[in-house]
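Asks: Just so you know, the sequences run in chain order V and Z.
Position 41 of the first sequence, counting from 1, maps to 41 under my numbering, and the rest follow consecutively.
Position 116 of the second sequence, counting from 1, maps to 116 under my numbering, and the rest follow consecutively.
These are computed hints drawn from the structure, not numbers from a lab.
All figures in this text were calculated on a predicted structure; none of them were measured in a lab.
Every residue, glycine too, gets a C-beta built ideally from N, C-alpha and C.
Among these hints, one or two may not hold up.
Rough simulated footprint, nothing fancy, chain Z against chain V, three-plus residues with beta-carbon under 8 Å [unchecked claim]:
#1 20-28
#2 32-46
#3 63-69
Listed next, the in silico DSS-like pairs over lysine-lysine satisfying Cα-Cα at most 27 Å (straight line) [as the list claims (entries may be wrong)]:
#4 3(Z) - 57(V)
#5 110(Z) - 73(Z)
#6 3(Z) - 42(V)
#7 42(V) - 83(V)
#8 83(V) - 16(Z)
#9 57(V) - 83(V)
#10 113(Z) - 73(Z)
#11 83(V) - 110(Z)
#12 113(Z) - 42(V)
#13 110(Z) - 3(Z)
#14 113(Z) - 3(Z)
#15 57(V) - 78(V)
#16 42(V) - 57(V)
#17 42(V) - 78(V)
#18 16(Z) - 57(V)
#19 110(Z) - 16(Z)
#20 42(V) - 70(Z)
#21 110(Z) - 42(V)
#22 113(Z) - 16(Z)
#23 70(Z) - 110(Z)
#24 70(Z) - 113(Z)
#25 70(Z) - 3(Z)
#26 73(Z) - 3(Z)
Reference excerpt, derived from the structure (chain V facing chain Z, CB under 7 Å, subset only) [stated by the list, open to error]:
#27 56
#28 86
#29 89
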Amino acid sequence: EPEVTQTPSHQVTQMGQEVILRCVPISNHLYFYWYRQILGQKVEFLVSFYNNEISEKSEIFDDQFSVERPDGSNFTLKIRSTKLEDSAMYFCASSGILYEQYFGPGTRLTVT
Amino acid sequence: AQKITQTQPGMFVQEKEAVTLDCTYDTSDPSYGLFWYKQPSSGEMIFLIYQGSYDQQNATEGRYSLNFQKARKSANLVISASQLGDSAMYFCAMREGRFRGGSEKLVFGKGTKLTVNP
Numbered sequence: 001e002p003e004v005t006q007t008p009s010h011q012v013t014q015m016g017q018e019v020i021l022r023c024v025p026i027s028n029h030l031y032f033y034w035y036r037q038i039l040g041q042k043v044e045f046l047v048s049f050y051n052n053e054i055s056e057k058s059e060i061f062d063d064q065f066s067v068e069r070p071d072g073s074n075f076t077l078k079i080r081s082t083k084l085e086d087s088a089m090y091f092c093a094s095s096g097i098l099y100e101q102y103f104g105p106g107t108r109l110t111v112t
Numbered sequence: 001a002q003k004i005t006q007t008q009p010g011m012f013v014q015e016k017e018a019v020t021l022d023c024t025y026d027t028s029d030p031s032y033g034l035f036w037y038k039q040p041s042s043g044e045m046i047f048l049i050y051q052g053s054y055d056q057q058n059a060t061e062g063r064y065s066l067n068f069q070k071a072r073k074s075a076n077l078v079i080s081a082s083q084l085g086d087s088a089m090y091f092c093a094m095r096e097g098r099f100r101g102g103s104e105k106l107v108f109g110k111g112t113k114l115t116v117n118p
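If we strip away everything but chain Z, and leave its shape as in the complex, we get (with noise of 0.2 Å):
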């Protein structure tokens, strides 16, 4: 079964508007986090923002902000203010496992292109 689900393949947005970019997870470790990465076309993946699942309030960074709805798993990305650089390919991932001695390693969506038009 898929742990973290990317619905939107591809996702248009004009400039200056915001975008809800969604992720849902499926886990039944009680700590965990959520992480979205962007991806220009560069390739580089580049570190947004981060939700634990024992935080009390949503995440935020700037123009990012993470709606966490804990009892519906989803972690949902939100874009502010839209610019022509936000267009790239985000990823959503999750971490389980560090209070059992696991890894952190992550487990990636498929990802959602983002097109910002002027």
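Here chain V stands alone, though its shape is the one from the complex (with noise of 0.2 Å):
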């Protein structure tokens, strides 16, 4: 069955320093998403992706960060200068036609 991979599974960095995140969706998906939470909290929407171009982002999803499918299988998102309240869980996510969103597995990401 088709699955939305991620990598890495865990990233550690330093305040300050850039981060890639790297998502492979589901191959014949339309539309890419980033999502994050936070320890204990819910899942926050970051950004959506649709036919090379940001669809919408949130009030998040300032000019630290910055998505990019540099062909046509990967889609990453780059932190910009990481900020000790970055630290979360990021989730890709893809869909197609049909409405269901699949989710990766995650990427933890610890900013010290």
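With the hints as a guide, bring both chains together as one complex.
Replies: Encoded structure:
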């Protein structure tokens, strides 16, 4: 069964460093998303991507964040100059012509 | 205002019994959808079931069913014959807006922690 994959599973970085989180969505899906979940809290939407451009972003998704689909398969989230409060689980998700959104296993980002 | 409300922070159920997890939602969009996800302690988000606002029948997927009451704006998840492996956090979520060119983002509730006792 097709699935969304994410790498790395866990990333530890120092405050101020840049990180890139990688995702491979399900191959025939059209819509791609990043969400985050701070430990013990609910899942929050960051950004959606469709037709090679951002279709919506939340107020969390400021200039520190960017997304890219560099080729036909990968979807990346870049966080510049990480802060302690960026520590969270980051989920990539994708959906196709049906509405179901499938999530990847997540990348746990720890900023020290 | 909260778009998705899950009023049960924690629920307990005996193995093999059924359990209902509550979810109410708030939207003025005529086209929307409700999702349920399971998050075990390992952290991944597992899609369980989806109900569209125009769907005539309540959604079912194996032991999961969605009790969709549109007038009450509720979309409760029913798990039949609970198993120990069902112990996890359960999140209700809503999408809005595809037909308005929306982004399909999901808005999540705060979750319900289900514990299945042997």
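Asks: Now tell me if each hint is right for this structure.
Replies: Here is what the structure says about each hint:
Under a criterion of three residues with beta carbons nearer than 8 Å to beta carbons of chain Z, the stated coverage of the stretch 20-28 of chain V fails, only 0 such residues being counted. Only residues whose beta carbon comes within less than 8 Å of a beta carbon in chain Z count, and the stretch 32-46 of chain V has 7; three or more means the coverage holds. Residues of the stretch 63-69 of chain V lying with their CB closer than 8 Å to a CB of chain Z number 0, which falls below the three-residue condition for coverage. For the given pair, residue 3(Z) sits about 17 Å from residue 57(V) by alpha-carbon distance, which is consistent with the 27 Å threshold.
In summary, the hint linking residue 110(Z) to residue 73(Z) is supported, as the alpha carbons are separated by about 17 Å, within the 27 Å threshold. The hinted pair formed by residue 3(Z) and residue 42(V) meets the criterion: a straight-line CA distance of about 13 Å does not exceed 27 Å. For the hint pairing residue 42(V) with residue 83(V), the CA-to-CA distance comes to about 20 Å; that is within 27 Å, so the pair holds. Of the supplied pair hints, the one linking residue 83(V) and residue 16(Z) is violated, its CA atoms being roughly 45 Å apart against a limit of 27 Å.
For the suggested pair residue 57(V) and residue 83(V), the alpha carbons sit about 19 Å apart, so the restraint of at most 27 Å is met. For the hint pairing residue 113(Z) with residue 73(Z), the CA-to-CA distance comes to about 22 Å; that is within 27 Å, so the pair holds. At roughly 24 Å between alpha-carbon atoms, residue 83(V) and residue 110(Z) fall within 27 Å of each other, so this suggested pair holds. A distance of roughly 12 Å separates the Cα atoms of residue 113(Z) and residue 42(V); the hinted pair therefore holds under the 27 Å criterion.
Taking the CA atoms of residue 110(Z) and residue 3(Z), the gap is near 11 Å; set against the 27 Å cutoff, the hint holds. Between the alpha carbons of residue 113(Z) and residue 3(Z) the distance comes to roughly 19 Å, so the proposed pair stays at or under 27 Å and holds. Distance check on the hinted pair: residue 57(V) and residue 78(V) sit about 14 Å apart at the alpha-carbon level, within 27 Å; holds. The hinted pair formed by residue 42(V) and residue 57(V) meets the criterion: a straight-line CA distance of about 17 Å does not exceed 27 Å.
For a cut-off of 27 Å, the pair hint linking residue 42(V) to residue 78(V) stands: about 22 Å separates their Cα positions. For the hint pairing residue 16(Z) with residue 57(V), the CA-to-CA distance comes to about 42 Å; that exceeds 27 Å, so the pair is violated. For the proposed pair residue 110(Z) and residue 16(Z), the alpha carbon gap of about 26 Å is at most 27 Å, so the pair holds. As the CA atoms of residue 42(V) and residue 70(Z) are separated by approximately 24 Å, the hinted pair is consistent with the 27 Å bound.
Distance hint between residue 110(Z) and residue 42(V) is fulfilled; the C-alpha atoms sit about 5 Å from each other, no more than 27 Å. Among the hinted pairs, residue 113(Z) with residue 16(Z) is consistent with the structure: their alpha-carbon atoms are about 18 Å apart, no more than 27 Å. For the proposed pair residue 70(Z) and residue 110(Z), the alpha carbon gap of about 21 Å is at most 27 Å, so the pair holds. Simply put, residue 70(Z) and residue 113(Z) have alpha-carbon atoms about 25 Å apart, close enough for the 27 Å limit, and the pair holds.
Only pairs whose Cα atoms come within 27 Å are accepted, and residue 70(Z) paired with residue 3(Z) is accepted, the gap being roughly 15 Å. Under the criterion of a C-alpha separation no larger than 27 Å, the hint pairing residue 73(Z) with residue 3(Z) is consistent with the structure, at around 11 Å. A cut of 7 Å between beta carbons decides the hint on residue 56(V): the least distance to chain Z is about 3 Å, and the hint holds. For residue 86(V), the interface hint is violated, the least distance from its beta-carbon to any beta-carbon of chain Z being 17 Å, above 7 Å.
Taking 7 Å as the C-beta contact cut-off toward chain Z, the hint placing residue 89(V) at the interface holds, the least distance being around 6 Å.
Hints 1, 3, 8, 18 and 28 from the earlier list are contradicted by this structure; the remaining hints agree with it.
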